[in-house]
Each structure stands twice: as C-alpha cells, then as structure tokens.
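Visitor: In order, the protein sequences belong to chains A and B. Quick note: the first sequence uses our numbering, first residue 1, plus one each step. Quick note: the second sequence uses our numbering, first residue 260, plus one each step.
It is worth saying that the hints were derived from the structure and are not from the lab. For clarity, every value in this text was computed on a predicted model and none was experimentally measured. Even glycine gets a Cβ: it sits at the ideal position worked out from N, Cα and C. Mixed in with the good hints there might be a few duds.
Stated by the list, open to error - What follows is a list of derived Cβ distance ranges for each label pair: (1) B:Ile375 x A:Thr221: 20 to 26 Å; (2) B:Val372 x A:Lys258: 52 to 58 Å; (3) B:Lys463 x A:Asn149: 28 to 34 Å; (4) A:Thr257 x B:Ile375: 22 to 28 Å; (5) B:Asp461 x A:Lys64: 35 to 41 Å; (6) B:Ile287 x A:Gly237: 47 to 53 Å; (7) B:Thr281 x A:Asp31: 21 to 27 Å; (8) B:Glu398 x A:Thr184: 33 to 39 Å; (9) B:Ile375 x A:Ser139: 46 to 52 Å; (10) B:Asp422 x A:Asn149: 40 to 46 Å; (11) A:Glu238 x B:Asp422: 52 to 58 Å.
As the list claims (entries may be wrong) - Okay, derived cross-link-like pairs now, BS3-like style, lysine-lysine, Cα gap no bigger than 27 Å in a straight line: (12) A:Lys254 x B:Lys371; (13) A:Lys168 x B:Lys384; (14) A:Lys110 x A:Lys136; (15) B:Lys459 x A:Lys168; (16) A:Lys35 x A:Lys212; (17) B:Lys413 x A:Lys258; (18) B:Lys413 x B:Lys367; (19) B:Lys384 x A:Lys254.
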Amino acid sequence: MLSKRLIVCLDVREGKLAKSIKFVDTKDIGDPVTKARQYYEDGADELVFYDINASRANRDITLKFVEAVASQIFIPFSVGGGIRSIEDATKLRLAGAEKVNVNSAAVKRKELISEISGAIGAQSTVLSMDVKKSIKTRSIPSGYEIVINDGTVTTGLDAVEWAKTGEKLGAGELVVNSIDADGTKDGYELTLTRMIADSVGIPVIASGGAGKPEDLYEAFTIGHADAALVASIVHYGEYTCRQLKDYLHSRGIKVRTKF
Amino acid sequence: MLAIIDYGAGNIGSVQRACAETGIQSVITPNPADLKKAERIIFPGVGAAPAAMENLTRTGLATVIKQAFTEGIPILGICLGAQVVLDSSEEGDTPCLGIIPGKTVRLKLQDKVLKIPHIGWNNVKVTQLHPLLESIEREDEFYFIHSYYPQPAKKENIFAVADYGGDFCCAVGIKNYFAVQFHPEKSGRLGLQLLQRFAKWDGKIPAKSENRGK
Chain A
1 MLSKRLIVCL DVREGKLAKS IKFVDTKDIG DPVTKARQYY EDGADELVFY DINASRANRD
61 ITLKFVEAVA SQIFIPFSVG GGIRSIEDAT KLRLAGAEKV NVNSAAVKRK ELISEISGAI
121 GAQSTVLSMD VKKSIKTRSI PSGYEIVIND GTVTTGLDAV EWAKTGEKLG AGELVVNSID
181 ADGTKDGYEL TLTRMIADSV GIPVIASGGA GKPEDLYEAF TIGHADAALV ASIVHYGEYT
241 CRQLKDYLHS RGIKVRTKF
Chain B
260 MLAIIDYGAG NIGSVQRACA ETGIQSVITP NPADLKKAER IIFPGVGAAP AAMENLTRTG
320 LATVIKQAFT EGIPILGICL GAQVVLDSSE EGDTPCLGII PGKTVRLKLQ DKVLKIPHIG
380 WNNVKVTQLH PLLESIERED EFYFIHSYYP QPAKKENIFA VADYGGDFCC AVGIKNYFAV
440 QFHPEKSGRL GLQLLQRFAK WDGKIPAKSE NRGK
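Just chain A, same shape as in the assembly (with noise of 0.2 Å):
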C-alpha cells in the first residue's frame, strides 16, 4: 500500500537556506545542501526548495546548488521559483531535480503547464498554488482565490477551477499552499485542502501551517492530502521527521519507517 509522504520545504535564496514568515522577513537559517542531508537521513520522503527571489542572474548559482544537493540526496525532490520556460524546466531536470514547480508564471501564462508537462512528463510537473481566503463571489464560488506573486497580487482565479485547469493542462501534482496559515504553525488550511483533493485525479500536497503533528495528521485524514509539507517545524528542531513519522505511524496513518 501507497505511504503518505512527509516532505520537507527548504526556501533558497542565493544557495542559502532561509523561512519565510507570511512571505516576508526571510532569514538565513543555515546551510540548505547540509541540512537536506540531514533530512534525507532522517526519514524525509521527499524534499522540495524554493528559489526565492529567484532571478536570471541568479539561474547559474540555482542550478550549482541544485547539482550539489542532487549528488548528497537519493530520494526524489523537486524545485520550484522563478520557472518560466520549458528551457528552465529542462535544465533543473538535468541538473537532478526529479520535479520541477510551477506558479506564477503559471498563472500569467498557462500554457507553461502543458509545455513543461509535454517537455519532462506529468510526472515531472508539478502546479504550486498559492491561495487565499476571500469572500465568495460568482467568479470565486470556492470562497478560495489564487493569489501571486509571493501572496501580494490577486488574480480573480478560484482555486477548485485552477487546480482542475492544472490538472487537464498535464500537472502531475499539486501543491496547496495556503498563505492564511503559512508561518502560522495552526494547521494546515484544511478545507481548501480537502476540497481540492477531492476535486482532482492527482496528488495533493498540503502546504502552510503545520505547527505540530496533529497537523500532518488532519491534513491526511480530514484534508485528503496524499502528501503534508513541513518548514519551520523541522527547521528549528521543533521536531526530527522521525518523530512526526513515528506519530503517524501511532496514529494508523501508513508512512515509510524503515530508512
């Protein structure tokens, strides 16, 4: 039977590990190729960075970084920040990225969906959503928007239909990432998540707020997430991804134990 995955966020700006609160007031907080060795060890099923401020200029130190955290790591991960063409998508997979994150851009333009999908795989392509509460309205009847841009520009899309779009444009996942409760450590948004899990024929990963491992638990029983996505809680030793596992596995939840 299919485990439940634990993937572990590791924001990146210039190659350095930073966690952002509510997307503003990043900080660095270490070394990020040393502490995805770290989590890999420790039983993280899956890892996930984000480039922040990820620029042009910046492409060749992304594409280092990604290299070196490729050769330290055997588990798959995924990056995602500033992916604008197939051309970027191509090079993250090269570089040994097993998926590649799409968002913003996606959203500006989205037929980058289909065209990375088409590129790489489906497999490969995975839609990050970044979405806040607003009141429901004709064009957002969830009640869920689709915000960019870092969570500062809204775009008037609902989050059901774009996850729906995403999937028929070819993603092969989702990333439901709530900036309610991003950096919040409350829990996971889990009404979103559950009504986008339900929504769709493929993975969802909750995203933003997991504060304790209750959290990962609501989120994979109460939000119908296949997988939960975890930051700070691990970041500042709250708790090892041994731990949150081992609560899971208490909890009847089937995650992978033996590493």
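Given the coordinates of chain A, work out where chain B should sit on it, guided by the hints.
Guide: Relative to the frame of chain A, chain B by itself:
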C-alpha cells in the same frame, strides 16, 4: 566497468550519482562500442515506451542490449528498463525487446480513490528469491513513479510485487537480466544497497530459488 546506457530517456545522472555514493564507478554512454566492453550494464529510463523503443532501435542499442544479455553480462533495468524488456507494451502498442516473455500493461484501478500515476513510496514484497533482492523485508519501501508495469507471461520471471489496488509485478528477471519498476537511485539507503548488490552480482540466480509464499 559499469556502463549506464544513455538513450535520452530521463534522469540518468541520478543513477550515476547514486552509484558514486556507494563507491561504484560508472560511465554514462550512448555509444554501442563502449557498451560492448562493459562488465555490467544499467539500463535506466523514465518516459514513454514508444519513444524509448524508437531511440533504442534507431541507435542500434536494442541489438547491443540483446547481445549483452546473450553473452551473460549482468544487466539491471530500472523503470522503462523493466518494461521494454518484455515482448510488447500496451503503451502505444509498442513491440519491445522480447527478452522476457510477456507484456507491459497499464495499471488498472477499481478503486476510484487511487490515482494514476502511482507516485510515492510502496512496499516491495519478494515472491521469489533473487541475489539482488536479498535482505529485503516486508516493511521495506521503494520509490515508484509510473503508470505501466511489466506483466511476465510466466511466474518464474516474477520476483517481487507491490500492492496498489491489488498486487502488481515490480521486479522481473531472467538469467543475467534483472529489472525493477521502482527507482533504487531515489529510494534512500535501501535503494543504494540494491545497487551495491548489483555491482557484485555474477549474473546468476541460484538454482534453489523457492517461493517465500508472501
């Protein structure tokens, strides 16, 4: 020398890096001449069977692989390398290498909750002993990412299964050819151990490989 076949099918760098992590030297090569000199071969690949077979045929690598098999060179197939080794693939109705009798088929799921592709960590249940699967236990999980799987015609070519809405074959073998549907290079320590075992494998399956009944 261990050669990793490069035929433009996905993330082969990660196979080489995983080998390096366990101290195994390898070369990535698209060159039939290099492969003919190899002591052992890894045949990896992610992607679609039709494109892969087209590449392998056009470059002459299909013949090289079959020849290496006949000569007794130990070969490890990964993912596509476990699929195109059969007679044909349902994916695009593609004729394949025909080293193992059988057909590669799409996962068929009764359970609507399950999703395709099958992505993530799953248990590998050994059904028949094989030197490369030595010491794998019931709780051991490996990383999968696929929509198709190999279905050998004969039970003697099935070495392990995984459960995703029912058991499906995830390890096939015949003589000196062994292949897995999952990705040892992305399966952490347990995957690296499988690669290490391959690096030492003499290409033989001990005669008394009995069914463990799992």
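Visitor: All hints are to be evaluated individually against the structure, with a verdict given for each.
Guide: Tested hints:
no., hint, verdict
1, B:Ile375 x A:Thr221: 20 to 26 Å, "holds (23 Å)"
2, B:Val372 x A:Lys258: 52 to 58 Å, "violated (25 Å)"
3, B:Lys463 x A:Asn149: 28 to 34 Å, "violated (60 Å)"
4, A:Thr257 x B:Ile375: 22 to 28 Å, "holds (26 Å)"
5, B:Asp461 x A:Lys64: 35 to 41 Å, "holds (40 Å)"
6, B:Ile287 x A:Gly237: 47 to 53 Å, "violated (39 Å)"
7, B:Thr281 x A:Asp31: 21 to 27 Å, "holds (24 Å)"
8, B:Glu398 x A:Thr184: 33 to 39 Å, "holds (35 Å)"
9, B:Ile375 x A:Ser139: 46 to 52 Å, "violated (32 Å)"
10, B:Asp422 x A:Asn149: 40 to 46 Å, "holds (43 Å)"
11, A:Glu238 x B:Asp422: 52 to 58 Å, "violated (34 Å)"
12, A:Lys254 x B:Lys371, "holds (19 Å)"
13, A:Lys168 x B:Lys384, "violated (34 Å)"
14, A:Lys110 x A:Lys136, "holds (24 Å)"
15, B:Lys459 x A:Lys168, "violated (45 Å)"
16, A:Lys35 x A:Lys212, "holds (20 Å)"
17, B:Lys413 x A:Lys258, "violated (32 Å)"
18, B:Lys413 x B:Lys367, "holds (20 Å)"
19, B:Lys384 x A:Lys254, "holds (16 Å)"
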